[in-house]
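Quick mapping for you: the protein sequence lines, in order, are chains A and B. The first sequence: position 84 = 88 (this note's numbering), numbered continuously. The second sequence: position 28 = 31 (this note's numbering), numbered continuously.
Calculated directly from the structure, the hints in this document are not laboratory data. Hints are supplied without guarantee of correctness; some may be wrong.
If you want a taste of the chain A side facing chain B, the calculated C-beta under 7 Å gives, among others [to be verified]: (1) Leu245; (2) Val246; (3) Thr251; (4) Leu261; (5) Asn262; (6) Gly270; (7) Ala274; (8) Arg377; (9) Arg379.
Simulated restraints, written as ranges between beta carbons of each label pair [claimed, not checked]: (10) A:Asn187 / B:Val93: 57 to 67 Å; (11) B:Pro92 / A:Asn310: 20 to 30 Å; (12) B:Asp303 / A:Pro352: 51 to 61 Å; (13) A:Arg167 / B:Arg305: 19 to 29 Å.
All residues carry an ideal CB built from backbone N, CA and C; glycine is no exception.
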Amino acid sequence: MTDLASRDPLPSSPPAPAARLGASTATGPGRLGAVTREVALYVVALGVALAVSALLVALTHGSPGRVVSALYSGSLEGWGSFGYTLDNAGPLIIVAVGAIVSSRAGLFNIGQEGQVTIGAMTAAFVALKVHPSGGLVLVLALVAGAVGGAVWAGIAALLRYWRGVEVVISTLLLTFIGFQVLNYSLSRTFLLHEHGTSGATLTESDQLSSKVQLPQIGHYPGFNFGSGLIVAVVLAIVISLVLARTTLGFRLRLLGLNPVAARRVGIRAAWVGSLALLVSGACAGLAGGVMLTGQAYRITPTISNNVGWNGLLVALVARNRPWVAIAVAFAFGALQAGGGFLATTGVPTDLVNVVEALVVLAAVFPPALDEIRRRRSRAKAVVSEAGGAA
Amino acid sequence: MTPSTPVSGAGGTPLPPVPALEARSLTKCYGKLVACDRVDLAVQRGEILGVLGQNGAGKSTLMNMLLGLVRPDGGEIVVNGHPVVIADPVKAASMGLAMVHQHFSLIGPLTVWENLSLGEKGRIDADRTRRHITEVARRYGLDVDPDARIDHLTTGQRQRVEIVKCLMREPDVVILDEPTSVLTAAESVELFLMLRRVVQEEQRAVVLISHKLDEVLHATDRVAIMRSGRVVADRITEGATAMELAREMIGRDVSLRGGSAAIGHFEAPADTGRETDEAVPGDVQPTVLSIREARAVGPDGRTLLDGLSLEVRRGEVLGLAGIEGNGQKALGDLLSSVLSLSSGVVEVAGRAVETGRPGAMASAGVGVIPEDRHVSGCVLDMSVADNLVMGDLEAVSRRGLLRRRQVAEQATRLVEEFGIAVSSIDAPMRSLSGGNQQRVVVARELSRSPQILVAAQPTSGLDVGAIEYMNSRLRRAAEEGTGVLLISTELEEILELSDRIAVIHRGRIVGEVTRRQVDLDRLGMMMGGQAA
């Protein structure tokens, strides 16, 4: 092996003692320090969030200690609670993985809530209106969910590459249209409205037949969880492999990191970007399908239940790493489960929401701070470069 | 301070008045590079001083020192006869020094008056600012609408805003950095008329930085010519010819400095006026790149390429000389499939290539070392290995799956072949020095054995060793049969490497000479936009 470091003609480059090719991982003290810093940042942020929460609880004449223990018992204590946490995590993982695909391609799809809604709706159509034999209809329903979500995100892709509309805006606005589309189909009997009730009553669909329901693994009160989680974890693994190991994933990352360079090496932004958006929407739609067939069993106007927004947050907190997203989704799922239980202990629901939001903020804070720092240092570099130019 | 007596355009009154601004022996070094070497310069009230020089002659560094952006290493700055220390641009402004920058410092989404009230202290008074703008604009005959949004303005209009911004502070000395590089010919004439009024009617001093011979000739009273960080000539403009200025700007020692035998023959006296017509001896190699009548317009409506035609043959280096901003970037973009032509043809090895379709040029056999390698030549957040293989993923994959072993092998091979100093092929591109980043780009582009290699400012920002390496690589690529198109604003580099030299001016080729016929005076004139 050649000692390449000695050939470096630039005095300014960092000294690379015994530089060797192939030594892949660069785990120096610098990197370790960065990890420690990151962890410390999370701990501090979470500590502040919990302290503020405790203060709020105390101010409303509650007991902070009992709130914490309620959060714990609702999410992690006992198999039942734990299963509930896992069931919450499943759809969050699916949505987050989809969000990761689009943001890796440099497109900020924030319309997952709408794509979940549409996905659940199309899945419900197939589940309620198609009657093939066996478990095929379940698969078809999930596929329909993915297709629905993909179509919804596809509109944003079309607008982006045909008319230049920013994805952030189009996906967000499409979410609200998605809600209305679902409301409309739930209010019409020939679409999804429940049979045998008058149009004036609750807007919800018929219940899914048992063969269109995702199987439950294990039995309550023992360890049990919906098989949606398995779908989610498999999907996360597949997507992370596609991103890391395929030419498609490579092109997608290249496009996201540097669109100009991507274009120069022949990547067509319209194709790769559209594909990323479609996959992203398909994931959200699939999450909608999983929620319908795994937990809700009938579709209501609030079927999406903030899973789209929360999944997006999971992706943000995980900083677009699919593996980390699984862990973060689990934490979010636990928080949701715990929060649900907390509400049953008499703490006002509003306060529960505030506590949840504070914890989420704490989780988002370190990556946001990091991003701001990076931008500042970049801006500084640009200024010093411009100033020093002879 | 007493207002000095008006000086006529020719200057040189028996008792010289105190200069408004004077640089005495100003020196600035960056490492070993001496950007400004004991520069003496003075500008009087009522006079337009031209500072002429090629890119990198030290003009910008000098001005940055005068404005407090860069600390001098030696010498002093004298304002109205008093030595001063200029710590920052605010201090400079308080001493009456103001600059109109080449790159505008305006904020697009804000209106003109909002932009011009930035940096003001105290309460913002929209009406007063508007009135002030209108008043200043009218005084100098500049058409500026205070309520227009900056990003709705053309570049020429934006420059007028910059000028108003500068004049609103009633400066004693106005410095303009390459003001006409963004203007049309008519706009330039208007600008110079306005400058004349500024010096004659208001006794201000103007410093006009430029590398265009004709505008220095027409617009200035006196001209200081800089080369390699020194003022090599300081003379009254009247009576000077473009030829004399060009000679001073480029310098006879261009060909001496390289010291290599390859360029020794530039010293041979060349007949200046006569058209040389000797044919290229030996067999003529086939054309690998042919651009005919290429026309392109930018998004802001400015003409980027205006009927540009050129040919590059197998195994030759065609140097494209020219002053920055004359269409070099557009040509580089065209050959990177980033720019589409409105008319014209690009042929690679005899086949027409669709312009503007991502990857079309690359797959036709065009390799590009882009001018802004950080931005478009590489991906800083990916690994060195990824950057080395990204041009041809098919070679390191099977059925869409990346084969890590092949990626590593290919990357390792290129790292060794091109002597890229890197701790590991998995190191992030960002961690490499500029020279090594450039090597990665060159390695990637050459690894695909292109028919034609476009190198745009390949050595900008590199140190001597890296430049030497880059030049030898380009030479070798040509020897191995690649057609090399070298786009550079460094005349030295062009002279050192090229077999033929074409000159680009305002988006078209204005002249072409073979290596034997090189005549620096003529080249300088063509670059400056003078018919030669």
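- Going through the earlier hints one by one, which of them does the structure break, listed in rising order? Result: hints 1, 2, 7, 8, 9 and 11 break, sorted rising.
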